[in-house]
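Protein chains: 2
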Amino acid sequence: MPQAAETEAAHTERVEFRVSPDRYRHWKLSADGPVATLTMDVDEQGGLVPGYELKLNSYDLGVDIELYDAVQRLRFEHPEVRSVVITSGKPKIFCAGANIRMLAASPHGWKVNFCKFTNETRNGIEDATANSGQAYLAAVNGTASGGGYELALACEHIMLVDDRSSAVSLPELPLLGVLPGTGGLTRVSDKRHVRRDLADYFSTKSEGVGGKKAVQWRLVDEAVPRPRWDDTVAERAAELASRSSRPQDAAGVVLTPLTKTATDDAIRYDHVEARLDRDAGRVDISVKGPQNDPPASIDEARSADFWPLAVTRELDDLILDLRTNEPELGTWVFRTEGSPALVLAHDELLLSSKEDWFANEVLHYLKRTLRRLDVTSRSLIAAIEPGSCFAGSLLELALAADRSFQLAGVFEAADSNTDEPATIILGEANLGPLTMSNGLTRLQTRFWGDEAGYEAVAKRKNEALEAEDAADLGLVTFAPDDIDWDEEIRIATEERSSFSPDALTGLEANYRFAGPETMETKIFGRLTAWQNWIFNRPNASGPDGALRRFGTGQRAVFDRKRV
Amino acid sequence: MPQAAETEAAHTERVEFRVSPDRYRHWKLSADGPVATLTMDVDEQGGLVPGYELKLNSYDLGVDIELYDAVQRLRFEHPEVRSVVITSGKPKIFCAGANIRMLAASPHGWKVNFCKFTNETRNGIEDATANSGQAYLAAVNGTASGGGYELALACEHIMLVDDRSSAVSLPELPLLGVLPGTGGLTRVSDKRHVRRDLADYFSTKSEGVGGKKAVQWRLVDEAVPRPRWDDTVAERAAELASRSSRPQDAAGVVLTPLTKTATDDAIRYDHVEARLDRDAGRVDISVKGPQNDPPASIDEARSADFWPLAVTRELDDLILDLRTNEPELGTWVFRTEGSPALVLAHDELLLSSKEDWFANEVLHYLKRTLRRLDVTSRSLIAAIEPGSCFAGSLLELALAADRSFQLAGVFEAADSNTDEPATIILGEANLGPLTMSNGLTRLQTRFWGDEAGYEAVAKRKNEALEAEDAADLGLVTFAPDDIDWDEEIRIATEERSSFSPDALTGLEANYRFAGPETMETKIFGRLTAWQNWIFNRPNASGPDGALRRFGTGQRAVFDRKRV
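Protein chains in written order, with this note's numbering: chain B, 1 to 563; chain S, 1 to 563.
This is chain B alone, in the form it adopts within the complex:
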């Protein structure tokens, strides 16, 4: 058998995130009235990259892309679904976690990016439970190890079959010399409140814990014998469904296929366009505002063509595509184009319809997509020019940026399509619904510890702010005029691409999240950073490291020095 190292996966094909249930290879989605069931039944031969078999319901990025799609579709296409059961279609095994051969053969960046996406999908499950009235139930009908148990941890309620062989476990440390990569440690301590010494013991015991002890230690909520299994799962799912706020008799909104064309130097959707400059290591992303007034009511908006939903889906897909497929393009420059008033009008329709299930879904989806941007390891720059529409929800792109530039005045060279100066407009969308993973809005985070600054800005809501004003208020970083504009943006992006990409990633991961921490920021900040470090160490990924030696019959050789 070749050593894992020799099969180091190339991942040369572009990874595609667009999928739909009829093309799933690993999951079955059945929606039957208020309870949907997501059955994991991984196709061993269905790996995204050659070189490994997805045995024992282990997963790779491709499996998780389908799961992400299913969670999204349940929210938009199935308003009638009030609880979701995740279970396994294989006997005796719920899920063995991320495929180890895949991990061992993957380059560092691939591992990190893969973990980030699976983390986001797990957070999405918790977001659906908390904010969509779709509570997730893990029906762990066989052993759940590593990422398999982490999938269960993302669910509201965990049931484990009590059959003297099924267990939950986090065997990453004893078997692979790494940490659980998808929030496991944080959820064990901060969500399930497992006592730290028991958590420590549990995470070093590769065979895990089952039965009553798993309940006693809070690792699962209940252990149910096989004879009562199906009935109890149905009962619990019905209980969760009965607490849901989902509407009665609403029709779903079908997430129609995204229109996307990709060439070597551009990715284009209907509302979003990305131009890739490989020499400069930069992507110029342009987002178009709505072309028309919003529908008269939210009832008339229920469609995948509704601009806020359409643009969010495109942004989401673009972020995932660039993050996975274009790791060398380290700086993303955001521009917008269109009418600020129309953006605000669409925001207003959403915000005034917040009680409506569909408006609620669109807002939370936009929130999650912006959070995906926050944890993206690329430098983000906003260029606010005449003709742009950085207002309300789209202003969040500028607030998410590491730096923003707003043109003072107009471009003198007159091929610009407007002679009105660039403005930004703060709207209601910036003041509450679109929280970051730290629980604060981007505006609150920006003015963390500066209440006077925050108040001064909030007072100017709905005012079109030109560059000097916006800079004085602290809403943009710099306000160069026409003479300096190109030069300043060029220097900023060139300088960025001259720096260590790793140091930039660490800098941004720290500065983007001032203030409080939540389970989500702990997962992305604390746990992920430790995992990245461990993934990168010879004790895990060196030729004699535990991750590479797993399954070879040879023990890992460790440098015993504690760091």
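None of these hints come from the bench; they were simulated from the model. Keep in mind the model is a prediction, meaning the values are calculated, not measured. Keep in mind that the hints are not guaranteed to be accurate.
Same chains, same label: a pair holds when it works inside one copy or across any pair of copies.
List of simulated lysine-lysine pairs, DSSO-like, C-alpha gap at most 30 Å [claimed, not checked]:
#1 K191 x K367
#2 K288 x K213
#3 K461 x K191
#4 K561 x K354
#5 K461 x K205
#6 K191 x K459
Keeping the supplied structure of chain B fixed, place chain S upon it in accordance with the hints.
This is chain S only, laid out in the frame that chain B set:
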């Protein structure tokens, strides 16, 4: 000039943390009434390890060991000091931060350990400001870069000389491809509330920011022209002193030299003994309780011989010694020996005298020392045996452990010096004063999310709890009896030493800090983990990395892939 890589420092000599002002090479401590001045004047030839010169007031571990000593002595030996000015004895330069040649030549573990200690010393400065009535003032009388600015950031008030050349800066990212390693990013955003985009800009601009802009951006509190410098520093120091709670006319307690003997397999102090088992990778640490009743009053206790102070100093020195000099001894097993009642009596004297400056200092010192244990990258195990005194303050050692074992019953083999079963006693010291860096006590952290469990335990205060009771209450992990005792502890420690040391470090860094995060936990958890990762990446530490190439005239070569 040899490349930094070729001079990779050996650090073979044992690092000694015991020092005193008469032996300082790099600092001058002058205490003149209520205002003390700490002047940094680094001896270029005084590096701890050959191979680098400490130019421009740059520092290595040896410089920081002296600073730590000075901060400690100011608290204990100088009750009259109410504010402390940190300034530079060199013209035009305040401090250039950690010595880059030293960093470039140091192995990964040394860099990480060095940063941890400097972090702890900076936190100690903030602790003195917050809890000792000794507020620190950074009188930045020349450029402060990197760790030099981070030293200023740890002070309550930062004054920068306004002379058109002096600036504060964090040039780590643009010059070295790493992050500021001593809390810089976190303090800039979470303590000084510098806006995130300005912080981003500042941290990529190697020349830094000075004058009015530094004030405007909140990087410093004031910029003062040279002619008014001395007067203004004196004025601010007097203002800070006037707000202090320090006593009038108290006599200091001299921190007399610690008695310590070290051989190849043991380190011994008066109350603490460590036996080093290199084959097993383990240290057995034994702490003796007090031999006598406490003094009748805190006034009679004022001496370095007072047991709580003496034992804390010994533990502190031992932790630092083992952490730095014995990285391969990955598991520390704590035992205690003595009378639980006498430990509680000493606690009681301290806690009932909390308003007294000396009692206050001892309590905060113990708090800091236990925090040092919490962030130590070693597996911590407590073995609670008959004759032990895990009560009150010493019970914190068991609560700090990753796992604890308490013997059920007694040892049958009768060479044990007692036939009373082992007990633990929860005291007032466990319920408030000795907080972890997350702001909670170890008991609160242990029962995070389990209020009922916490209440059940708190009710049993002052009760001697035998093993089964303690295990049922969740105060210890396991309660084996005589038959299983040796075997269980042996397996636990052997197993520990078979695991990846890196994965253990990451696991422990996560599980030890359930619940809320503070600036301190963000520095040790989030920022440090990112920095460790970056330090370890070829872009920083590889032969062509920025840290290794600095000063060679060659530019770093980066792998541009964003991770």
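Hints and how they fare:
1. K191 x K367: Result: close both inside a copy and across copies, 22 Å intra and 27 Å inter.
2. K288 x K213: Neither. Shortest intra-copy (55 Å) and inter-copy (36 Å) distances fail the 30 Å Cα cut-off.
3. K461 x K191: So K461 and K191 pass the 30 Å test across copies only (28 Å; inside, 37 Å).
4. K561 x K354: neither (55 Å within a copy, 41 Å between copies)
5. K461 x K205: The answer is neither: 55 Å in one copy and 33 Å across copies each exceed 30 Å.
6. K191 x K459: between (37 Å within a copy, 26 Å between copies)
Of the numbered hints given earlier, the model fails hints 2, 4 and 5; all others are met.
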